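If you count the sequence shown from 1, you need to add 1489 to reach this note's numbering.
I should point out that these hints are in silico values taken from the structure, not numbers from a laboratory. Please note: incorrect hints may appear among the correct ones.
[As the list claims (entries may be wrong)] As a list, the in silico EDC-like pairs of lysine to aspartate or glutamate whose alpha-carbon atoms are at most 20 Å apart:
| # | residue 1 | residue 2 |
| --- | --- | --- |
| 1 | K2449 | E2497 |
| 2 | K2500 | D2419 |
| 3 | K2432 | D2477 |
Nothing here was measured: the structure is a model prediction, and the numbers come from that model.
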Amino acid sequence: MLGLFVVNFFLFRYFMKRYFLLGFCLFVSNLNSATWNLDANGSWNVNGNWAVPPLFPNGTDAIADFGTIITNNRTITLGQNLTVGTVTFNDNNNYLVTGANTLTFDVSAGNSILTINNGGGNGAHTISCPILLNDSLTIAQNSTNAAGFTLSGAISGSGSIIYNGSQRINFSTSNSYVGSTSLNNGSIFYNSSGAFPGGSTVNIGDGTGAANTTQLNINAGVATPAAFLANVNSDGRLIQGNNRVVRISGLQGSGQVQLNTPVVQLFEVGGGGGNTIFSGTILGGAAGGTFNGGGRLNKTGSSKLTLTGNTSTYTNRTFIGAASVINVQANNALGVTGSGTLSGVFVLSGGSLEIEGIGLNLDKYIGLNGNGVGSTGALRNISGINTIPNTIQIGWIDPLPISASDASIGVDLGSLTLSGSIIGSQALTKVGPGILIFSGASANTYSGNTTISEGTLQLNKTGVAAIVSPSIFINSTGTLQLDQGNQISNLSNLTIDGGTFNMNGFSEELQNLIFNSGTLLQAGGQLTLNGETAPLTMRDVSISGDLLFAGVTGDIIFDATNNGTGLISGNINLGGVLRGVDVGDGTSSIDLSIAGVISNGGITKNNLGTLELTGASAYTGATTVNSGSLLINGSLADGVVTINAPGFLGGTGVIGSGAGMLINNGSLSPATQSGVGTLTVNGSYSQGASGELLMNILSASNHDVLLVNTGTVSLGGNLTLDFLPNYVIQKGDIITLIDNSGGGGIAGQFSNISINNLDPDLTVNPNYTSNAFFLSFNFPETGNEFQAAASAAQATFFLTNQRHFILDRRLDRLRRVGRNWRVEDLDVEQEVEGFSFSESQNQLTASLSSVHSKSGSKCRKPPRTEWYTSPIGSLGSVANQKDQLGFKYWSGGVASGLDYAFNEQALGFFTAYERASVQQHSDAGNFLLDEFSVEIYGLSFLKSELFVQAILGGALNWYKMKRNASSTSFNGSVRGGSFDGLLGMGYDFQVHNLLITPEIGAQYLFSEIDKYQETGGQKAGLSYERQSLNSLEAIVSLRVAGVWGCSTKWIPQIRGMWQYQCLDTKSDLVFASVVLNQISRLQILGPTRNTFILAPSIRFESTVWSGEFIYDIQIGDGILAQYGYLGLGLQF
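Working from the sequences, and respecting the hints, build out all of it.
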């Protein structure tokens, strides 16, 4: 048993020691720093191949040291996936770490390290197995072996690569690690497309060393997917290997880029890296190259590359692709200067070359296609005053293939001067608000059209043409300015469509000018137009400078599209030929007006519009009007003026200076077809059988005149007389239409005379003398102009009388009511005071109240207050008197009022509306009178039965008149107003049941009628200013009334009244009559001097209601009038 225990104990110790040592060794192998200890090819993962400790390194932070043990080139193979933190090579012979398994770099802190030392020799070492970066890897390569250190295994993982060595390192396969690449020193060779992952950033140099201490050599073509962003710092240099295609996604930094020489290939800066700024130097290259071939620097992609460095000397062509931009901020940013096309800059359609700086002088040949990014210009000056002294080609061709297209040049701010030649076959458009200047002594020869869409294009070439385009267009916000004369080819056509052509005082010659809208500033410069079809076409625009038409043919054309008026105020030289002036017909009364002096030729007026000449023209050639209208409101020199049908000539100017000739075979009217004036012919006038003379007439002193001096007048054809609205013709008027008093006499007569708008009451007599043609007139008998207004004035008196009759009856009631209340008050007072009145007074009181007291206490007192309303109306006639027609009339309306009696006084208020219709005798006319009136009235007992009474009021009147004259009706309306008053007194006598009242009084009426003007027919017939009328009548009357009944009283009454007009001043109206042609004064007779009025009436009064009927008849000198009043009242 003891022996078994001892055996078991020793077995336990043996196995525990063995497996403990095995576990410890395995643990240490993951943490160790091991040195390769085999001078032969071998496997990494064999412990015996390593020394100190004799276990292979594998694990995070593990260190693998390949030292000087080997005596020849050796290969180390990874038999499994391995992990290390640090790898060091240090031997003169070459190590090759290879295998299909992956070498992972991983440390617990900081970066993994790969070091190639040269203490043990300068071997050319290589790692060709796959590498996985769990952390960033810092590489230090110090071996001076010319072959350098090589990483030919694919590198993946999340880490970055930092290279700090001073010697060569080769990246010889496509890698996919996602971190950046920082090359801080030494020579780095890019030996395989994708060696730096596509889309990553490669930092070349760290900016701390001397220039070119870090060089990235592109020794293999870079495919588009492998393009990386190159950040070339001040100590870095990117070198394009010979015959290598380089594509980078962006370029930035301040270092150097060297293009390959002499075998050139593509160097392309794409757009994947976004907008970048490169302030360094680009050098090398070779002249030539095409966009899709070799030997060029291409900028592609939708990003901007800004070049601010001023030391670039590369000689490649530079191409800027669609949507791409190169922004230049230094003179030498684009390489060699003073170059021709082989080292030029070429912008593809959709791309832009931008210039941004102050005082830049970009001496490069530049080819332009397209309108640039965002249509801002294929060549675009962002800011500053800059110059391009080299050739600009508008539209360029690349053989692989790129076709030429139109191009635009933009200037945002400042100015851009192009002092070289502009060549090409395509069109050029100026965009942007800034200034583009064509200058220098080299002619521009581009043959496409030129458009100034925005901003200003200044032409300042010396001795050569700045523009030879067949057509030039100036759009709404564009300006074309001359800084010297003769800048434009004389075969060019210029269209101004809203913009400005500033000739700046210089002269210029064009073929044709099409001036639709905008501004032409000549400032003294003469514009010569040599076109032979339509050298000038214009709309409603203004030309203030001189024009010379140099073609042997060619018309001036006015386009009426805008419906405005065109104006030429400068002088016109017709070039010694007869030129057509074709004027379109717009909505303006004058379509084209020429105020300048026209010389050297003649004109033919064509088309339907109106041409006006207001200047003192000096040409002596023919003037012909074929269609439309020609207005001579200036003067023409001696020459023949011919009007052909359907042409029209008018105006108030002068034709000829003594030997002129006006031949009318169309239509002629001084002034215009609707105005009046005098047209003077210093020469002769001849009107053919097809000619028509149109003469407008307003009055004897205001009418058309054809004044023919020095020459003869030959008449024929038609005369048309137009009497304009509101014309005035007087008796005895003589209207001279053709005046030849200073000429050689009038021969012939008009074959036909037409008269328009003349009142049929008038007759025109044409008269021919040896030196004049004039009109006289026959007038009708005196008409009835005054009658309507005179009748209206008299009707106003009648209506006022009617109101006073009504109110007189109201006052009669109030006297009776007041008397009854006064008697009652006296009785009460006698009983209360116990005071005995005198016998005479008692008798008077008894007498005055007898009617009331007959029924004793059973009869009620009449109410103090009564509200009443009633229809009112009248019917009457007035006989003819002297020069005033009589009339018949009727009226109707409604009246309402309220009155109140108290003791010895009474007051009342009355208002009425009434319409009267008046028909004059002899069917002379009629009118309606609407009257609204307001009256107040009152009375007071002075002593016993003696009373005074008064009426005061006024009315507003509206008259609507219609008057007949021959076959014409005249209409008018006018407002008026009146003020009336009545003051009277009377005495009441009681005889049984009768009350007899004599009265005297005076009635005054003031009436005013506003200014009046008739309309209708062909003229106005009657007018007068605002007038006032006065009337004062004395009144004597006697009334007899009775009272019967108690609870219902009946009160019949009859009144006789005599009125006498005693106002001596005239009451008259002042009239102006067109037909009579005189100012007349007409007296209004009013109600005549002697008028008798008889007015029976009856009234009833119940407990609440009252009513009355009044009938008045008025008889006077030729007057018979009847009035009716039916009233209804409410008493309380």
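Now for the hints, and whether the structure bears them out:
For the proposed pair K2449 and E2497, the alpha carbon gap of about 15 Å is at most 20 Å, so the pair holds. At roughly 17 Å between alpha-carbon atoms, K2500 and D2419 fall within 20 Å of each other, so this suggested pair holds. For a cut-off of 20 Å, the pair hint linking K2432 to D2477 stands: about 11 Å separates their Cα positions.
Hint violations for this structure: none, all hints satisfied.
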